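One letter stands for each residue in the lines below.
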Amino acid sequence: MPVLEVNQLRKSFGDVHAVNGISFAVEPGEIFTIIGPNGAGKTTTLEMIEGLLPPDAGDIRFGSLNWAKNGEQIKQDIGVQPQSSALFDLLTVEENLKLFATFYSHSRSAEEVMDMINLTDQRSRHVKKLSGGQKQRLAIGLAMINDPKIIFLDEPTTGLDPQARRNIWDIILKLKELGKTTILTTHYMEEAEKLSDRVCIVDQGQIVTLDTPAALIERLTMEREVRLSFLDGEAAAAETEQAARQISSVVRTEREDASLKLWSTKPEETLYELFGYTKDRGFRVEQISIREMSLEDVFIAFTGKEWRD
Amino acid sequence: MAAKQFAGMFAAQVKTMFRDKQTWFWSLFFPIILMVLFMIIFGGGGSSSFKATIAVADPSPNASSTAILETLKQIPVFELKEDQPVTVDQGRDWVEQEDVDALIVLPKTEGVSEVGLIVNRASEQSATTQAVSSILNTIVQQANLSAVGATATYTVSMESITTAADDVKYQDFLLTGMIGLSVAQGGLFGMVEIVDMRKRGLLKRLSMTPARMGLFGLAGMLVRLMLGIIQIVCLALVGVFAFGATLHINIFSLVIAFIVGALVFSAMGYLFSSFSKTMEAYMGMANIASMLMMFLSGVFFPINTLPDWLQIVPKIIPLTYFVDGMRDGLIYANGIASSSFWMGIGIMTIWGVACYLVASQVYKSKSISAVR
Numbered sequence: 330m331p332v333l334e335v336n337q338l339r340k341s342f343g344d345v346h347a348v349n350g351i352s353f354a355v356e357p358g359e360i361f362t363i364i365g366p367n368g369a370g371k372t373t374t375l376e377m378i379e380g381l382l383p384p385d386a387g388d389i390r391f392g393s394l395n396w397a398k399n400g401e402q403i404k405q406d407i408g409v410q411p412q413s414s415a416l417f418d419l420l421t422v423e424e425n426l427k428l429f430a431t432f433y434s435h436s437r438s439a440e441e442v443m444d445m446i447n448l449t450d451q452r453s454r455h456v457k458k459l460s461g462g463q464k465q466r467l468a469i470g471l472a473m474i475n476d477p478k479i480i481f482l483d484e485p486t487t488g489l490d491p492q493a494r495r496n497i498w499d500i501i502l503k504l505k506e507l508g509k510t511t512i513l514t515t516h517y518m519e520e521a522e523k524l525s526d527r528v529c530i531v532d533q534g535q536i537v538t539l540d541t542p543a544a545l546i547e548r549l550t551m552e553r554e555v556r557l558s559f560l561d562g563e564a565a566a567a568e569t570e571q572a573a574r575q576i577s578s579v580v581r582t583e584r585e586d587a588s589l590k591l592w593s594t595k596p597e598e599t600l601y602e603l604f605g606y607t608k609d610r611g612f613r614v615e616q617i618s619i620r621e622m623s624l625e626d627v628f629i630a631f632t633g634k635e636w637r638d
Numbered sequence: 499m500a501a502k503q504f505a506g507m508f509a510a511q512v513k514t515m516f517r518d519k520q521t522w523f524w525s526l527f528f529p530i531i532l533m534v535l536f537m538i539i540f541g542g543g544g545s546s547s548f549k550a551t552i553a554v555a556d557p558s559p560n561a562s563s564t565a566i567l568e569t570l571k572q573i574p575v576f577e578l579k580e581d582q583p584v585t586v587d588q589g590r591d592w593v594e595q596e597d598v599d600a601l602i603v604l605p606k607t608e609g610v611s612e613v614g615l616i617v618n619r620a621s622e623q624s625a626t627t628q629a630v631s632s633i634l635n636t637i638v639q640q641a642n643l644s645a646v647g648a649t650a651t652y653t654v655s656m657e658s659i660t661t662a663a664d665d666v667k668y669q670d671f672l673l674t675g676m677i678g679l680s681v682a683q684g685g686l687f688g689m690v691e692i693v694d695m696r697k698r699g700l701l702k703r704l705s706m707t708p709a710r711m712g713l714f715g716l717a718g719m720l721v722r723l724m725l726g727i728i729q730i731v732c733l734a735l736v737g738v739f740a741f742g743a744t745l746h747i748n749i750f751s752l753v754i755a756f757i758v759g760a761l762v763f764s765a766m767g768y769l770f771s772s773f774s775k776t777m778e779a780y781m782g783m784a785n786i787a788s789m790l791m792m793f794l795s796g797v798f799f800p801i802n803t804l805p806d807w808l809q810i811v812p813k814i815i816p817l818t819y820f821v822d823g824m825r826d827g828l829i830y831a832n833g834i835a836s837s838s839f840w841m842g843i844g845i846m847t848i849w850g851v852a853c854y855l856v857a858s859q860v861y862k863s864k865s866i867s868a869v870r
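Keeping their order, the protein sequence lines are chains A and B. Add 329 to a position in the first sequence, counting from 1, and you land on the number used in our numbering. Add 498 to a position in the second sequence, counting from 1, and you land on the number used in our numbering.
Bear in mind the hints are in silico, worked out from the structure with no lab data behind them. There are no misleading hints in this set.
Below are the BS3-like pairs computed for lysine-lysine, each with C-alpha atoms no more than 27 Å apart in a straight line: (1) Lys464/A - Lys505/A; (2) Lys458/A - Lys697/B; (3) Lys519/B - Lys457/A; (4) Lys775/B - Lys862/B.
What you are looking at is a predicted structure, and each value in this text was computed from that prediction instead of being measured.
This is chain B alone, in the form it adopts within the complex (with noise of 0.2 Å):
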């Protein structure tokens, strides 16, 4: 009996999922075309070099000033606007107008003096800003040293480390991000057709036949992780071919994540069902929490961009956790047994129960008649 309803129940979803277009538009049309968007803007072709335009002055050509202007030109990350030294007003005047990130004024004299920085105030705490700035005092401080004879005592050796078995490209980032987002997203705008439901009485019209409303909205929740999965699955096919995403696969952690995520934002959207009389109502819960979290959580860049003050938001909201949960599963290969992914399941878990039990007052507190 219960599994008779099930299956009719099952299959009636899947086919009003699959045969209505906005599903389409919005769960995969949408985050594919954002993805793209996002690529070509910030994916910078593939290649993320840093590179800098800068004009040298050098108002009395020397000896110091020669052998520093030899070394800009050496330096593959410095472009030079004019391959010979340009005057002082000149250099001023291409910063103003921002031709080139910063002007160099080369030493007046061999003896002590300084090497001057110029940059436009607009862009003065800008990371190009700081980059230049600390490549010219690293050749400020060999300058320095070679002028006494001495050689250096420490050097910086740098390497970069990920957890993943590969470097992790911002394609990598990205990829995953929107996969997390769009899952989400199924999650918190999916619960629209409760209220449709409700508001077309399809709910009572149920409530009035044998049917148990808790095997329809199981029904409900395994169409929604279908759709999910037909996500990742296409998402993850644009983000590898089209743009050379590289994927890690943990399963184990993929799952898990996939799985409470999922339902999570399921939950949040149940809550947001419980409040709204009308879709309209709904669609506006729903949009403010995914466009809050969609900046709040890392999707598109790392959380540490954000400003001190904001940092502790994504430390509370689920997609943080979600984005998270699913990049150990699909580009850092982390497996299960890191405590920092169950704190983040955790954390999401409670998130789900608190929506659930919340919406489920809110519903009992109101009949299903009470609405025609």
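Pulled out of the complex, with its shape left as it was, chain A reads as follows (with noise of 0.2 Å):
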């Protein structure tokens, strides 16, 4: 049974629907993740769901439960890491800890959440004192300061730089051991790709598509990207070009100076008659990649739209 389930959930500001029939169900224990450009409605749906914005039509329910019949209740279950870093910033780490969990009926230590956001060394340290990074850690401890089911997370890490996102990937995977069930949203591809057991691309207030990131990829059937380059100059490059548009899967070449550039259907196959020939030739290659298919090509795929950071 989900944890959570959203039907046809629609929400409009004025004459701009930001949300426009969302349905989705979570299962427990995934890391669900929202993608989506600036406006698609990802924080719009996720505040709905939130129980902070009334949505205009459809429902939400966690398991049994609904905002409508047990608001308290949801709140006692769900943990939520909003996208600005709310802390009282005169308040150290321990402290907004402290103060937190006397807001929920059951919580987890102080202690054991500092272990986990790996902040123990700070906890006597006044937030403001902090650096991005840290503030971010604080604010995910505090979305799992009362041992909730469900942990939202919105943009956990924009604006980090690569270190502070690993370790805030490091977190979300713990979580995941724990058995909790996770709501991602991110401008990141890379951390979608690797985190999310089932991604969900939302653009202009509606669900484009939603598949775990490697069937995602697999939908891209379309030809893949292979590189070659030669130590033995533009030459053996030009030879091979011509050699490699006699193969059938070949759709296309490009080539540029000593780096070749083909796009194949069946890669491998493609790889495997080009190194004979290059074999018979003595042709020495320097580099060969067949380039990955990414969530950001199934983003571009989907929407139309070019994927900015």
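Since each chain sits alone in its own frame, please combine them into the complex, following the hints.
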């Protein structure tokens, strides 16, 4: 049974249909990621699910609970890290956690949470003296102080450096190990691909597609890009290009000096044949790569939009 | 559950307040500096006695003029610039230069004649001129009476009284005014916290938890009352020990006026917060309100020094009644049995309730999450 079910959710602000009929169900223990360009309706969707905004239409169910009847119980069961990390600046890390712990009937110890978010060394530090990454970790810590069944993380890594981002990924994966359900929004495709069990691409208030990252990429049955570069210079590359054009699975080629790009519907077979050719001719290949398809390609394919971080 | 939340919220807000340097500056340091300045400028170093420097001209000395001159010399509040009479021209010069407050020209003949009083036009309406002129009138009347060999049938005997057990000095007046003002400002400015919390998404964050916002507000109110008590104690200590102010405390009227006042001005602050998107907007409103009230509520000067047409304003604004209430409790030792005390409390309460209701209505009309 899904821990969260969202059905035909709609919300308009004046003439703008921010959310226009979104439905999905999240299974227990999943990391469910919502991605989409700015203004796609991600945060509005989350805020409706979190009980901050009343939807114009549609329903939201947490198992057998809903906001109209069980608001207090739902608040006890969920943890939220909003986009702007809202913390008490003049309190220490530990004091923030202990304050939030008093709000709930059941809570984890501050000790345990500080350990999970790796802020034990900063426990007595005032929040205003923390770095951006540390603040973000504390915001996630506050979201898990009540040991929630479902955690909502709204762009937890936006604006962080790569190291700080990785620290947050570790926390999210730890939550998964604990069997928690995480609902995540992000700006980073790499992050969605790495962390998510399922990804939901949202654009213009609607779901464009929803599946596991691997399945989404697989759906892009288009040709893959293969790159080869030659130690023996332009001549070798040009001859190989000619040979490649004879292979049926190669759709198109492109060459620049000693490096060759080709698009193939069956990249493994193409490479096998090409290596046979280069071996016969004695060409030395310097680098080979098959460009991996990523969620970014999925995004572009489904929305027709360039992805920008 | 509620008790646990309340204890946590109270502890958090106490810590936040004590760690915020701005709070200390604006709630304690600034009012003390302001009070010290006013005490030094208007307190007159403790003894506020009236003195006027005068010059006397005696164009043609005669028995009457000599008698009046002798009398003038004995008036303690008159200080003669020159012991001997000067020429009228010299005297006029001094008046023009403001070297003396007034020139008195003694009568030229012994018979029917007049005593001249010459003052600078700039100070024609001043209290000093009024005082000099009335003293001079009394002397001339005495001289008239003795000229016809009569004694006065009626004399005025004056005695000053106040409701206080002791005389109320300007120091006491100013000290209690400052205490009232700083407690009121604590409320007016303190609610900027709400604007700040809304701007930083903290209100939104708290509303995602089972935390009860009513409890959070109540805890904040209690913290502000604590700060108010600290303000009263610190200002009173400075006033009493550094400037010799005398307090006669009635604890009942003090506590009631203090709690009602602190709540009313917080309600006003709450109203400002409901209208303000930014902290700057809030501070602007709070500053205007506090400036207007500061000078129109008898904090620094008694209300009757205001021009007549402006007298209506202090009768409306709550700070007047708050300062009066604080004075009842701190210097007049008036109990809670006076109707004017309760009228003041009543008017303040009306303000407080009205502000609170309007603010709640404004807040209801906008959603918290509409502010990002």
